[in-house]
Amino acid sequence: MKISTVKTDKALIINIEEAEANFSKSDQFKELVFQEIEKGHHQLIISFKQVDYLDSSFLGAVVAVLKYLIPLQGKLVLVELNADIKNLFELTRLDKVFEIKKDINEASNIF
Amino acid sequence: MSLALPIIIQAEAPQKPEDINSFIKAFVELLTQQIQPDAKLLSNIKLILIEYCTNAIKHVAEEVNIIQAEIDKPLLRLKKIDKAPKFKVGDLILSHDILQNYAFVELDKDSFQFILREDKQQENINLIPEHFGFEIVIRASEEFTYHYNQEDKTNVFCASLTLI
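Top line first, the protein sequences correspond to chains C and Y.
With UniProt numbering, letter number 42 in the first sequence gets 42, and the count goes up by one each step, no holes.
With UniProt numbering, letter number 59 in the second sequence gets 59, and the count goes up by one each step, no holes.
Don't read these hints as lab results, they were simulated from the structure.
Careful, some of the hints might be misleading.
[Said to hold, decoys possible] Cross-link-like lysine-lysine pairs, in silico, DSBU-like; alpha carbons within 30 Å at most: (1) C:Lys2 - C:Lys86; (2) C:Lys10 - C:Lys96; (3) Y:Lys58 - C:Lys86; (4) Y:Lys40 - C:Lys101; (5) C:Lys7 - C:Lys49; (6) C:Lys86 - Y:Lys25; (7) Y:Lys88 - Y:Lys58; (8) C:Lys49 - C:Lys10; (9) Y:Lys25 - C:Lys2; (10) C:Lys2 - C:Lys96; (11) Y:Lys83 - Y:Lys73; (12) C:Lys39 - C:Lys96; (13) Y:Lys58 - C:Lys2; (14) Y:Lys58 - C:Lys67; (15) Y:Lys40 - C:Lys49; (16) Y:Lys86 - Y:Lys16; (17) Y:Lys16 - C:Lys49; (18) Y:Lys153 - Y:Lys83; (19) Y:Lys58 - C:Lys49; (20) C:Lys75 - C:Lys10; (21) Y:Lys79 - C:Lys86; (22) Y:Lys109 - Y:Lys88; (23) Y:Lys16 - Y:Lys40; (24) Y:Lys16 - Y:Lys109; (25) C:Lys101 - Y:Lys25; (26) C:Lys86 - Y:Lys73; (27) C:Lys39 - C:Lys75; (28) C:Lys75 - C:Lys7; (29) Y:Lys16 - C:Lys2; (30) C:Lys96 - Y:Lys40; (31) C:Lys67 - C:Lys7; (32) C:Lys86 - Y:Lys40; (33) C:Lys102 - C:Lys10; (34) C:Lys7 - C:Lys102; (35) Y:Lys25 - C:Lys49; (36) C:Lys86 - Y:Lys16; (37) C:Lys67 - C:Lys102; (38) C:Lys102 - Y:Lys25; (39) Y:Lys40 - C:Lys102; (40) C:Lys67 - C:Lys96.
Work out the full structure, taking the sequences as your base and the hints as a guide.
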């Protein structure tokens, strides 16, 4: 599971560097993001730019990240979702729970 | 008189997670040679296929796993057929997620239908589920059923969608 991070003055940007965000990577993804949160990064932007598809397990991992952040008064914004991933969030009604923005610029404005 | 017989497209499910993406692309390409779904329907089809592949690899990788599309206009039935032991509701881990979000309606001794309990978003973030597999298929289809075929000892999961 590969991610890359970029620290800005407002948030930590986490880029998922995988085309397939599936169950074989979901636990590792969760752990990697939890590690960043434990380092003190509580304002996160996760970019799905490289991701072709997301399965149910990976979706669960993204939900787990949000649950981990909330008690810490953290914020999580999801960006650069393709049409299928956006549809997945809409179908599961999670688009009402997550902040979803078009790109990093738009996401940065809400911190 | 002409007969419009169903068109069947089927393939063995991928056995490795890294093969899911290419499988979905190839399967959808075959499918769209026969039907022209709009963007929303096509996206729902892909989400169902992804969950079928995930389920095949995670739960029954050692068994025969077939992904099948049956085009029977105006219906499209997406099926996952496997030779694993009969699926029983009692075998599921009845987590908070599953109990809260959907139920199983028995159709006969070998069949049941998955249905959503309530169609509203949970307000408490801590009660939002982290297990979405069945829920995605239920929401992406109009009907999602399970049938155990006694004759050939197969499990058949079937998601039905209406072609526009």
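Each hint tested on the structure:
1. C:Lys2 - C:Lys86: Holds, at about 22 Å.
2. C:Lys10 - C:Lys96: The given pair, whose Cα atoms are some 23 Å apart, holds under the 30 Å limit.
3. Y:Lys58 - C:Lys86: holds (24 Å)
4. Y:Lys40 - C:Lys101: With a Cα-Cα distance of about 20 Å, the restraint between Lys40 of chain Y and Lys101 of chain C holds, given a limit of 30 Å.
5. C:Lys7 - C:Lys49: Judged against 30 Å, a Cα distance of about 17 Å means the pair holds.
6. C:Lys86 - Y:Lys25: holds (18 Å)
7. Y:Lys88 - Y:Lys58: holds (17 Å)
8. C:Lys49 - C:Lys10: Within the cut-off at roughly 20 Å; holds.
9. Y:Lys25 - C:Lys2: holds (23 Å)
10. C:Lys2 - C:Lys96: At roughly 28 Å apart (the allowed maximum being 30 Å), Lys96 of chain C and Lys2 of chain C satisfy the hint.
11. Y:Lys83 - Y:Lys73: holds (28 Å)
12. C:Lys39 - C:Lys96: holds (28 Å)
13. Y:Lys58 - C:Lys2: Within the cut-off at roughly 21 Å; holds.
14. Y:Lys58 - C:Lys67: Within the cut-off at roughly 25 Å; holds.
15. Y:Lys40 - C:Lys49: Holds, at about 20 Å.
16. Y:Lys86 - Y:Lys16: At roughly 23 Å apart (the allowed maximum being 30 Å), Lys16 of chain Y and Lys86 of chain Y satisfy the hint.
17. Y:Lys16 - C:Lys49: holds (23 Å)
18. Y:Lys153 - Y:Lys83: Holds - the C-alpha atoms of Lys83 of chain Y and Lys153 of chain Y are around 6 Å apart, at most 30 Å.
19. Y:Lys58 - C:Lys49: holds (26 Å)
20. C:Lys75 - C:Lys10: Holds: Lys75 of chain C and Lys10 of chain C sit about 11 Å apart, inside 30 Å.
21. Y:Lys79 - C:Lys86: Distance ~24 Å between Lys79 of chain Y and Lys86 of chain C Cα, so the pair holds.
22. Y:Lys109 - Y:Lys88: Within the cut-off at roughly 11 Å; holds.
23. Y:Lys16 - Y:Lys40: Judged against 30 Å, a Cα distance of about 27 Å means the pair holds.
24. Y:Lys16 - Y:Lys109: violated (33 Å)
25. C:Lys101 - Y:Lys25: holds (27 Å)
26. C:Lys86 - Y:Lys73: holds (28 Å)
27. C:Lys39 - C:Lys75: holds (15 Å)
28. C:Lys75 - C:Lys7: Judged against 30 Å, a Cα distance of about 15 Å means the pair holds.
29. Y:Lys16 - C:Lys2: holds (18 Å)
30. C:Lys96 - Y:Lys40: holds (19 Å)
31. C:Lys67 - C:Lys7: Since the Cα atoms of Lys67 of chain C and Lys7 of chain C sit roughly 22 Å apart, the hinted pair holds (cutoff 30 Å).
32. C:Lys86 - Y:Lys40: Roughly 11 Å separates the two Cα atoms, so the pair holds.
33. C:Lys102 - C:Lys10: holds (17 Å)
34. C:Lys7 - C:Lys102: holds (19 Å)
35. Y:Lys25 - C:Lys49: Holds. Lys25 of chain Y to Lys49 of chain C sits at ~18 Å (cutoff 30 Å).
36. C:Lys86 - Y:Lys16: Distance of about 25 Å is within 30 Å: holds.
37. C:Lys67 - C:Lys102: holds (22 Å)
38. C:Lys102 - Y:Lys25: holds (25 Å)
39. Y:Lys40 - C:Lys102: Distance ~19 Å between Lys40 of chain Y and Lys102 of chain C Cα, so the pair holds.
40. C:Lys67 - C:Lys96: It holds: about 15 Å lies between the C-alpha atoms, which stays within 30 Å.
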